Amino acid sequence: MSLSWLNKINLHHLFDIYKFLTGGVIGLAIIAFVVLQLVGFFSMGGESYWILNDDNAYRLTHAWQVYFSTSYPPPSLSNIDLAYHYHYGGPAIATFFAKAFNLPVDLVYFRLVLPVAFIFSLGFVYIVVFNKTKNVFISVLCVSIAIMACLNTVVDLENLKLWKWMKSSLYSFLMTVWHFDIDHVLDSATTQYSFWYGNKIYDISYLVLFLSMGAVLSLFIVESQIKRLALLLLLLMVFLFMKTEVVFWLFLLVFVEMFFLVGKYARFGWIVAFIAFLFLVFISTEGNFFLGDTKVSLFYLENNEISFLEWFSFFLYFLILIDVAFLIFLSKKENKYLFFYLLLNFLFFLYVEFFDISLTIDGQVTEFSRHLVAVSHAMYAVGVIAYIFSINTHRSENRSKFSYILFSFVLLLIAVGSFFKGGHAMLQTWILVSSPNESYKVVDLSNQRECMSHIPRKDTVVYTNTFEEWPPETKTSAMHLTSFFGHQGFATNYTYERYDVVKERIKKQKETLGRSNTSIRDVCGLVADNGYAYISKKYEYALSLERGFIFENKDCAVFNANKNICFP
Amino acid sequence: MILSLFVLFLLMSIVAYVYKGSLSRTSYFLVLIFYAFFFTGFSYIISIAL
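Those protein sequence lines, which keep their order, are chains A and B.
Residue 388 in this note's numbering is what sits at position 388 of the first sequence, and the numbering runs on without skipping anything.
Residue 44 in this note's numbering is what sits at position 44 of the second sequence, and the numbering runs on without skipping anything.
Calculated from the structure, these hints are not laboratory results.
Treat the hints loosely; a few may be bogus.
[To be verified] Examples of chain B residues toward chain A, derived with CB under 10 Å: (1) S4; (2) L8; (3) F37; (4) T40; (5) S43.
[To be verified] Some residues of chain A that are not near chain B, with every Cβ distance over 12 Å (derived): (6) I93; (7) F96; (8) L107; (9) K503; (10) D529; (11) E552; (12) D555; (13) N562.
Since this is a predicted model, take the numbers as computed values, not measurements.
Just so it is clear, CB atoms sit at the ideal spot from N, CA and C, and this is done for glycine as well.
Chain A on its own, in the form it takes in the complex (with noise of 0.2 Å):
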């Protein structure tokens, strides 16, 4: 098959048309917007307080954080006493624009900043792609493979009827975008690379991931005229979005170690990673014991059941990783180190498979999402590896046409790799379609937003009877109530903050406001001077919390309860 057709699509030369095109592009991702706004507001119900998941209350509870804070990490609202490193970057857009335009932070994280985040990455696809390609055809079409990626869909043609396919595709994609499941949408777009979750390491596939994302940007720096301190921009971005700061010293640690592998100190260069890689192994296990406690933990972890062994084969497999990727990168023997990183990969495959290393769903490893990671994981190997090949065999002037159909798959790969966020997606996108009603919650929660704006934000802290009302799927979690306004939580959060200082509370708020027989004397005890309580009409609450009454609906009640009003 003659490939000649795809030469005579670049318009590299017909700078007009391509003006025009360009035009058309950032035009589309205008309506586009306006489109998604529109059809999210009307098909969602307008003006009710609706609500996807925990994650989205989760993020949302982040964005207040940052935006009262005056300190970093800022102190949590969920769980008080306690404040954790997390990626704030998305929170941290919604504050500085918030506190610009003097708008509701809500209003600016759900309907400004993740949608704009999200045309933009889809635009900054285009731009690099183009820039490397100039061929219009080939940018549209990973922008397309993009926003399907962003779709989340996996297709079991087996089993799956086209019009189920179709209603769940439609679905999530409202959900993603416009009602901003903020983990799908940021990190899609700009990809988050969490590698803890939970005890054990959730998802392989960021790690790869992050590679891929890393090799989009490192187009920019290849393009860059500075080289290294476009590597230090890619640092700070990576820092922004990033899980925990685990992969900040990460790539901090491989920045100064390429630094002295190929600069003037070349000798050093192995003797420093070295060093620096022990340090992080070190602060990695003994972080709490060398910071003090949980309320500075250097790492974000949901506890300290990881162990040295484990913290240093997941950093030094990170570091060869990373290592060989680089020395492919600054090579011309591609094939020898592509073969050394193919074979890494492969072994890392077998690692996933055979030691258990995968996601969990409510605490039990399931085949499938093993396998999910697995194969997420190879793929963005894939994707990686071709590109690096393809950066060499396109440095070369012979372009021969194998290597631009190459490189045009690559680009695809590299698309589908950097807004894809892999088995998290994937999993979650598979129980959508394979039982929808235990997959995403998308709940009303007007009523229980107007209860908690009955309480007082400032100084005030809130005692929950509820861990189950919202949302189903945890019962260790009320992140929805410190959501709406800001509010600071006594104990409302343990799913993501598994401190055991949280689960104690939580156990006492069960204990003290989980029950109609609680004595006025148990509620005092528990509640401090400026307490209000939460109480969801769902579960057995004590009666003679009445004294305090403020407000109520069909769904939760609100009560002052702190000391004067216990004794009157």
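On the provided structure of chain A, position chain B as indicated by the hints.
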């Protein structure tokens, strides 16, 4: 807020310097806006951390 604007300005200056001339004009401005958008959050975090 002012500090974060200052940090943002610094970061954008670096980006503008790095990418000068390597991209087409339209792409260049898009990249600048793209970076500006994401750097707002970063500069805000820097400002509260300081």
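- Query: Broken hints, numbered, in rising order?
  - Reply: 6 and 7
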